[in-house]
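One letter stands for each residue in the lines below.
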Amino acid sequence: MNKTDTDNQLWQVTQFLWNEAALLDARQYDAWLDLWQPEGLYIIPIEDAEDYAEVLNLCYDDDKMRRDRIKRFQEGFSISSAPAAVTVRTLSRFVIDVVDGDSVVVSCGQHLVEDKFGRQRLWAANVRYTLQSTDSGFKIQEKVVRLLNSDGVLNSFSYLH
Amino acid sequence: MNQLIDAKNITLDPDELVRKDRIATPMYTSSELFEKEQEKIFRKTWVWVAHASEVPDKGSFKLSKVGLEPVIVVRDRKSNIHVMVNRCRHRASTVCEIHKGKTSSFQCPYHGWGYGLDGSLRALPYPEQYGDDFDKSQHGLLKLRTESYQGMIFATFNEDIEPLEEFLGAAKKWIDLFMKQGGGFPVKTLGEHQFAVPMNWKVQLENTTDAYHFPIVHKSFIQSLDEEAEETFSFLDGEGFVEDLGNGHSVMVMIPELVDLEEDLDRKIPERFEALAQKLRNENYPEDQVRRIVRAVGGSGFNLNLFPNVACSMAFFRVLTPAAVDKTEIRHIAIGMEGGPEAANQMRMRLHEHFQGPMGFGSPDDAEVWERIQRGVDGGPELPILVNRGIEKEVPGEAGPRGHVSDETGMRAAYAMWKRMMQE
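Protein chains in written order, with the working numbering: chain Z, 48 to 208; chain X, 119 to 542.
It is worth saying that the hints were derived from the structure and are not from the lab. A couple of the hints might just be wrong.
[Claimed, not checked] Derived lysine-lysine pairs resembling BS3-like cross-links, with alpha carbons at most 25 Å apart:
| hint | chain 1 | residue 1 | chain 2 | residue 2 |
| --- | --- | --- | --- | --- |
| 1 | X | Lys196 | X | Lys306 |
| 2 | X | Lys445 | X | Lys162 |
| 3 | X | Lys337 | Z | Lys163 |
| 4 | X | Lys138 | X | Lys397 |
| 5 | X | Lys176 | X | Lys158 |
| 6 | X | Lys138 | Z | Lys118 |
| 7 | X | Lys196 | X | Lys162 |
| 8 | X | Lys254 | X | Lys176 |
| 9 | X | Lys445 | Z | Lys163 |
| 10 | X | Lys138 | X | Lys176 |
| 11 | X | Lys183 | X | Lys218 |
| 12 | X | Lys158 | X | Lys138 |
| 13 | X | Lys138 | X | Lys183 |
| 14 | X | Lys183 | Z | Lys111 |
| 15 | X | Lys337 | Z | Lys111 |
Just so it is clear, the structure is predicted and the values come from calculations on it, not from any experiment.
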C-alpha cells in the first residue's frame, strides 16, 4: 500500500472506532451489537494470556453472553444499571498493527470517565481490535480491553469499556 | 421492635451496639469502633490469608492482609508455610511489592537488609557499626502464627488463641463438603476478581448469609439462566436453612440436593452441563467420573460464612479486607480442579465470570446495594438496623440454632461473636 492508501485505511478505522465509542457512551447497545461478527469475542482480561479462554477474565463474551449482558442492562431489573453510571470516553493513539487480507488489527489508548453518585472515576486502557472488512463495512472480530489496573482492586462496572 | 436508639447518647458499648435482634448505626459509621475492631478482632482471631494452591512451590509467595496489616504468605525450602508482616525490621519499608511470584529471599530496598523465606534476618550491609551484641535472630520479619485446614491458610497475631481446627469447629464438616468441588482432584485457585466498595466490612460479612436478597438483587442474573437453572436458583421456596455453627460461623443451605456433591450421582445431568459431559466422554473419562466432575463444576449448594473474613460461597472463596470504616475490598477467588480436565476448569471460569467480579451479572448489583446502605446510614442514626428475621421461629439444628433459608440467623451468629470479642 502506498502512503495515501495507508492514511485512508487509518482514517476509516478511526471513524469506525469513534462511532463505536459514541454508541457505548450513548448506551445505544442494539446498534453496538450490530457492529459484531457473530463469532466475535469481547474480552476484558485480568492478566495477559496466549489464549484468554484458558484463564479467568473480567469478561469473556461470545455472541450469547454479549446479548445477555445487553439485555441485563436494558430490562431494568439490575439495580446497578438503573440508572447506570454515565461515561465519556476518548480513543486515540491509533496504530495499525497488522493488515491481513480483509482483516485489520488496530491498537489504541482509551481514557474513560464514569460519573455516578456525584463521584467520577477514571479508567485507562490499551485496546486492541481485530476488524473484518465486509460488504457492510467493518465488523468486530475481537476486542480486547487491557485496563491498566486490571489485576488490582477495581470497582464494579455498569457499562461497557 | 419499633424502639429507637437514643442517638444523642449513643455509646460504643458493645452491649448497646449489638442486641439480639438489631444493631446500631455506629456499627457501620464509627471510625473509633473500626480501630477497636482491628485491635480486638483482626489482631486477635484467625484470619484467612491464602489458599495453599496460591503458593504451590518452594519459594512461592503472595501478598495478603490481616486486617489493615500487609503480610507475605510464603512457602519455604522445606515446604512449610510462613506468614509475616511485610515490614523491614530496620526502618519499616515493605520488603516486597510484587503481588505474587517466586523468590529465594526478600530484600529491603532501602539499606539492603536481607531475609530468608522463613523471615529470618540473613544479612545486612556493614554490620560492624551495630556492635558485637547485635542479635540477628531477634531481627527477623514479625511472624504470625499460621495453621491450615483443607488448604485454607489462616494466620493470627494472637499466640494464645485456640488451634485453628478448634476455632473452625462445626464449620469443618462444611469445609470438607465444599472441597468436593475438586471432583476427585485437589482444589486449586484459578484467579480472582477484586473490587472495592464504599461500605463497612460487616455489610459484606452479613451478605454472604443473606438469601433474602437473592431473588430481588439478582433478578437480572436469574433471568439470564435457562429454565432449569432458574428453578435451581429459586431456593426461597425450598427446604434450605441457615444454621449457627458457633464462633461467629454459619452455613446457609440454598440448594439441599447440592450439599454433598458425591451423592446421588445418577440424577439427570442438567442441560447446561450436557455439552461438558459429552466432551468428557469423548475424552474417554468413564461415566461415573464424568458425572462426578460435571456435578463438581456446578458448585456447592451452600454458603459457609467464616468469621471474620472468608466465605466458602457456593463455587468460590469470598474474602473481605477492611480498608476503612466505609471502605472494604472484596476478592472473589475462582476455584477448579488441579490436574482436572481443561474443559471442566474453563467452564468453572466462565461460570465465575458470569456472576462474579466487576463485570459479573451479580456482583455489580450487590455492590450497588452495599453502597446504598453506607449512604443510607448517614440519615436517622437513631434507627436500628434489623437482624430479627425469623428469630421467633428458630429450631435447634445440628450445631446451633437453625432458621429458614431466608432468615437472619447467620448474621445473629456473626454479631454474637463480634460482641464476645469486643468485650474480651
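Evaluation of the provided hints:
no., hint, verdict
1, Lys196/X x Lys306/X, "holds (21 Å)"
2, Lys445/X x Lys162/X, "holds (21 Å)"
3, Lys337/X x Lys163/Z, "holds (22 Å)"
4, Lys138/X x Lys397/X, "violated (52 Å)"
5, Lys176/X x Lys158/X, "violated (34 Å)"
6, Lys138/X x Lys118/Z, "violated (42 Å)"
7, Lys196/X x Lys162/X, "violated (28 Å)"
8, Lys254/X x Lys176/X, "holds (24 Å)"
9, Lys445/X x Lys163/Z, "holds (17 Å)"
10, Lys138/X x Lys176/X, "violated (47 Å)"
11, Lys183/X x Lys218/X, "holds (13 Å)"
12, Lys158/X x Lys138/X, "holds (20 Å)"
13, Lys138/X x Lys183/X, "violated (31 Å)"
14, Lys183/X x Lys111/Z, "violated (38 Å)"
15, Lys337/X x Lys111/Z, "holds (18 Å)"
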